[in-house]
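Top line first, the protein sequences correspond to chains A and B.
The first sequence begins at 1 in the working numbering and counts up by one.
The second sequence begins at 1 in the working numbering and counts up by one.
Just so you know, not all the hints are guaranteed correct.
Treat identical chains as interchangeable: a pair holds within one or across any two.
Here are the simulated lysine-lysine pairs, BS3-like style, with alpha carbons at most 25 Å apart [claimed, not checked]:
| id | residue 1 | residue 2 |
| --- | --- | --- |
| 1 | Lys156 | Lys25 |
| 2 | Lys252 | Lys87 |
| 3 | Lys177 | Lys252 |
| 4 | Lys177 | Lys148 |
It should be emphasised that the hints constitute simulated quantities derived from the structure, not laboratory data.
There are 2 protein chains.
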Amino acid sequence: MRILLTNDDGIYAPGLRALHAELSKLGEVLVVAPATEQSAAGHSVTIYSPLLVQEVRDPAKNFQGWAVEGRPADCVKLAIRQILPWKPDLVVSGINAGSNAGINVLYSGTVGAAIEGAFFHLPSIACSLEMPASGPPDFPGGSAFATKIIREILTKNPSPGELFNINIPDLSRGQIKGVRVVPQNTASYVEWFDKRVDPRGRVYYWIGPDFTCPDPHPDTDVTALAEQWITVTPLQFNLTRFQALQIMQEWKWDLTDDRFTKELPT
Amino acid sequence: MRILLTNDDGIYAPGLRALHAELSKLGEVLVVAPATEQSAAGHSVTIYSPLLVQEVRDPAKNFQGWAVEGRPADCVKLAIRQILPWKPDLVVSGINAGSNAGINVLYSGTVGAAIEGAFFHLPSIACSLEMPASGPPDFPGGSAFATKIIREILTKNPSPGELFNINIPDLSRGQIKGVRVVPQNTASYVEWFDKRVDPRGRVYYWIGPDFTCPDPHPDTDVTALAEQWITVTPLQFNLTRFQALQIMQEWKWDLTDDRFTKELPT
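Taking the hints into account, I'd like the entire structure generated from these sequences.
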């Protein structure tokens, strides 16, 4: 089993090291990860600037992986098309410092990298660990749980491009209840901006650090995680809202215009 | 009708100006857009740096909108929560210089901004114009078509948070055939990297400019656009792959670990 490991917290992140240690029990792991933190990078990619790539070694000069001055999704593209000596069997992203549940799935660089892996028809798994209210997160413990879930997913022989999102609850908050397979919550989070004025009189805003979803939909990733379940959500990257498609295909489009060559379809 | 207009090409982009002119026929339009080009920003947002906001005026000192030094999705958040004097009835993003079809929907800052509008329970529409092989795109013509489609969507009273993706074909290539409502293509695009070495001996890569999808799925946005149809795709931001959910809920998770307090659910 050959595994590409990336993340959005950057190649020096402790969550990446912890997950690397656990994944190494499943097979050969190579790291291609952002040189710097890329939280909330979503599925952004770099098209108008070059992607610098450098080998990273630890103080004992052991090879740690390749650092890319780009986005998480750039790392997956470059790894598969240019850097890795082999085509991976699996793409893993994480373990992220902070959960990626609900609509945060859309903002997540961790998930963005996994979706990119799915574009290459590889099974791809995003792993995130909920942050404790204070103190450092238990990355080794979270990575051990995430790797158990990954191992279980692998025993089911995932199809090419099958995509999964794993969230591990804050392990300091209490014991894990088990595993729940749940859909993504779509309710909104609390959000506010702190307005300030710079020394030159210009207005700027910081987004607040709140991370609460006051009214989550029941039986979703957000609620199950809050109840101390490990959550697993199968994801897709086809954003089509199929329920609306058929209805809209019946619509008549009144776009009379001399650029149209014929009657519009009804 | 109050419309928030944003984009990912930046507040000075000609596509934004052209779409502003057309949308003004539907109601009051205010612009909050990135200060700089943000192509391929996806749904990234800015959480670790401040968002500077400045008013932009044209040479005759007419107010043009607010420029945000951030991502397209940041613009929508800030516009609705801080900047606009009213809550918009509609969020429009575009018109983008280049189509946003197939898996490029995931990379698109134009679409990312529209999804952010849907998070606020507003009808939200992304508009993109395919680029000609050479010469400038016809932004006024593309914006006129996009606005006709928007007008038609509005006559159907879209639900809160309903999300649409409109692509207008390259108008220089031939006459428009009409409108097709189609799903997002999920096939891969051609992609390659140009490897170079900087004057200090460091390796870097440029992603190539190819933009062809050699094997698109039939009856999708990519194929219909190539056949000179305007495409409309209803989108969603729930990434759950529901078909897999039920199957996976039957899986047994063998995660025996002393952190688990009880038998795992089956």
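A quick look at each hint next to the structure:
1. Lys156 x Lys25: Within one copy only: 18 Å inside, 55 Å across.
2. Lys252 x Lys87: Answer is neither: 48 Å inside a copy and 30 Å across each miss the 25 Å cutoff.
3. Lys177 x Lys252: For Lys177 and Lys252, only the inter-copy Cα distance (14 Å) is at most 25 Å; the intra-copy one is 52 Å.
4. Lys177 x Lys148: within (15 Å within a copy, 53 Å between copies)
In summary, the structure is inconsistent with hint 2 from the numbered list given earlier, while agreeing with all the others.
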